[in-house]
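So the protein sequences, as listed, match chains A and B. The numbers in the first sequence follow the numbering used here, run straight up by one, and end at 554. The numbers in the second sequence follow the numbering used here, run straight up by one, and end at 714.
Don't read these hints as lab results, they were simulated from the structure. A few of these clues could be false.
Here are the simulated DSSO-like pairs of lysine-lysine, each with C-alpha atoms no more than 30 Å apart in a straight line [stated by the list, open to error]:
1. A:K10 <-> B:K574
2. A:K165 <-> A:K223
3. A:K518 <-> A:K552
4. A:K501 <-> A:K246
5. A:K200 <-> A:K501
6. A:K246 <-> B:K681
7. A:K479 <-> A:K518
8. A:K440 <-> A:K275
9. A:K80 <-> A:K399
10. B:K557 <-> A:K165
11. A:K290 <-> A:K66
12. B:K557 <-> A:K248
13. A:K290 <-> A:K165
14. A:K246 <-> B:K574
15. A:K165 <-> A:K275
16. A:K480 <-> A:K552
17. B:K557 <-> B:K574
18. A:K248 <-> B:K574
Here the structure is a predicted model, which is why all the values come from computation and not from measurement.
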Amino acid sequence: MYVYNENDQKIIEERVAQFRGQTERYLAGELAEDEFLPLRLQNGLYIQRLAPMLRIAVPYGLLNSKQLRKLARIARTYDKGYCHITTRQNIQFNWPQLEEVPDILAELAEVQMHAVQTSGNCIRNTTTDQFAGVAQDELEDPRPWCEIIRQWSTFHPEFAFLPRKFKIAVCGTQGDRAAIQVHDIGLQIVRNDDGEIGFKVIVGGGLGRTPVIGSVIREFLPKEHLLTYLDAILRVYNRHGNRANKYKARIKILVRAWKPDVFAHEVEAEWDYIKETPASLTNEEINRVKSFFTAPDYQPIDDDNAEKELKKLSGEHLAFSKWLQRNITAHRVPGYAAVTLSLKPTGVAPGDITDQQLDAVADLADQYSLGEVRTTHNQNLVLADVKKSELFELWQKAKTGGFATPNIGTLTDMICCPGGDFCSLANAKSIPVAEALQRKFDDMDYVYDLGDLSLNISGCMNACGHHHVGNIGVLGVDKKGEEFYQIQLGGSADSDATLGKVLGPSFGREEMPEVIEKILNVYVENRKGDELFLDTYRRIGITPFKETVYAKDH
Amino acid sequence: MPKIIKDGQVVDDSWVIINKDFSGDLPMAKVLLPMQYWLDNKDSLNLMCAGIWIDSDEDVDTIGLEANQFPLIAVNFPTFVDGRGFSIARLLKERYEFTGQLRAIGSAIRDQLFYLKRCGFDSFDLKEGIDLESAAASLNDFSVTYQTSADQPEPLFRRG
Ligand code: HEM
Ligand code: SF4
């Protein structure tokens, strides 16, 4: 994990001082509301329905146990004892006091954390695959590149007041776990014919009210040019993005209006001026950052033995075997596994975690996973380096902590935005829908039988809950002041990224569990062998779903 | 006389900004002409003491290398959240090697001074009613920077 040096630490501390001054000026009436707004947003501070909301950056989802304990302390001291993991791997507090935010930021700075650029029209936290560095299918670890981007984007003087927010995601695998095609810039680490490592560059993806899958503007960008190329993209966007209408201000609208090849041409022309400048990366710097992400001291473990033992325990404990099936991901190193802790038990808002749980996860990380944890864009947590021989023990403790629900990747592992319970932009509540669905589908055998299936819920068209790319997407809509829900089918955030299609007229909240059940029935009746929901949908299309869901009762 | 921040100090300033819809005779003063006005009239203008100002939606490339004949160029921020001026400034300084005074005018606010300075601005005509003496402190909000910019040709990782 990257460790701050003096410079990194100083920058963060100076930010705390700067924001403290701004908050004081605001509270003293010296800084106007409209001027304070973008400043507080660039420190992650929204004003929401009930209270301010503070979004804390978790760069590319990586946390150590000390940071987790600090978050637990903040939840206890300044909030109501819990926080929320977001779809961009960050952490949100829902109830801090504005006056106390500078103190919270000061506490975070003690553990090399901050809320820099977690909101506002600037370059946001860079996200990646939660299995970065341990994934079996990885070409190269994306985290050093994310850190290089973090440093470049932190207080970038030219790009702090962009037309709109700007999100970058990086992945190091062919199968995409970071949803890079629905980001303003998606970077995929690739190897060219000469065996060199570089990036495929995708721009102009995004969700929100105009969902778009990004376009490839460069098949191979040599790695030393990463930052100058990003500078070129951002400069073209900063100069030409729409500033008159915030709904047309994202880069995706510009790329679409110009066409991707024209946009690419503009970027290349800009890049020609700046690519051979000192801003390009050096090998020393790349290696310096990489040195923080070298493989830890894995112990040589007999994988066959470990597997045998797991098999035996699975036979004795059915629940453990379910957990192994759903919550464990293969690790690149024999004898190790990556464990996903589910933050989706029934009855808890998806992605919420209490202070006690944060402390408990910190203990688990220290004991079983080299003291580190990752947040996932599916709003769960990952312990990435667990010995297979310790999985059983870990499972027992995870159960006690409340995060061993064996539902990862299934229907009940929903992505869900805060919705109308917290968010002032909401058309409808989303958390109660998630809960109603979890209660309806509490038969785990049924859920397992459905297999991999993503159900994503957003409370409005801003799409914080990724509803466009859920196999089943639920969108809160407002009809004459009443809350309704529209359903979309067939979305995917994987390397075959697809936007869902609207099923038809929307439903009231109480109808939702039954409607989803009908959709699932259509799948179950039509699937061939162990075909997944998405594949069945792609084969049979939306019509059979429509016919069943909107069939007139006889 | 109006006050501005220049090279970190609060100083008097006598430049007069000429609006885009200006007509008639230019005042007998140091004038900042709208870029387009200057482009349209440059052959007939005989001004020793003129600078230009560029609006955020104007294309700095049209002035390009001609920039260097001016002692002062101003860049307008119609609203402080319109960040195009940051790119205009860097292009003037880094691409067109403008060496004169570069001034932010319009609605830029104190909390942007550090970024503005990094992009090459050295004088700041902030909105009226701002305490310039205390605002000037924000020019130095940070003592370390990661990226290259107009004020720093080398990124932190090359500075050792
Ligand atoms: C409660 C306060 C929140 C507010 C006011 C808010 C506001 C917004 C708005 C206005 C957009 C649309 C931007 C656009 O299309 O240009 C958006 C998009 C998004 N937000 Fe939120 N959001 C909030 C919380 C969250 C949370 C909790 C998450 C994660 C669970 C999240 C993740 C996202 C994502 C992933 C997108 C869409 C992707 C994209 O940018 O294209 N937001 N948000
Ligand atoms: S999708 Fe809408 S309701 Fe949900 S958090 Fe985003 S802005 Fe709020």
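Structure-based check of all given hints:
1. A:K10 <-> B:K574: Roughly 44 Å separates the two Cα atoms, so the pair is violated.
2. A:K165 <-> A:K223: holds (25 Å)
3. A:K518 <-> A:K552: It holds: about 13 Å lies between the C-alpha atoms, which stays within 30 Å.
4. A:K501 <-> A:K246: holds (25 Å)
5. A:K200 <-> A:K501: Roughly 28 Å between the alpha carbons, so the hint for A:K200 and A:K501 holds.
6. A:K246 <-> B:K681: holds (25 Å)
7. A:K479 <-> A:K518: At roughly 23 Å apart (the allowed maximum being 30 Å), A:K518 and A:K479 satisfy the hint.
8. A:K440 <-> A:K275: It is violated: about 56 Å lies between the C-alpha atoms, which goes past 30 Å.
9. A:K80 <-> A:K399: holds (23 Å)
10. B:K557 <-> A:K165: Distance of about 35 Å is beyond 30 Å: violated.
11. A:K290 <-> A:K66: holds (22 Å)
12. B:K557 <-> A:K248: violated (38 Å)
13. A:K290 <-> A:K165: holds (28 Å)
14. A:K246 <-> B:K574: Given that 30 Å is the threshold and the Cα spacing comes to 26 Å, the pair holds.
15. A:K165 <-> A:K275: Roughly 25 Å separates the two Cα atoms, so the pair holds.
16. A:K480 <-> A:K552: Holds, at about 25 Å.
17. B:K557 <-> B:K574: Roughly 23 Å between the alpha carbons, so the hint for B:K557 and B:K574 holds.
18. A:K248 <-> B:K574: Holds, at about 27 Å.
In summary, the numbered hints that this structure violates are 1, 8, 10, 12.
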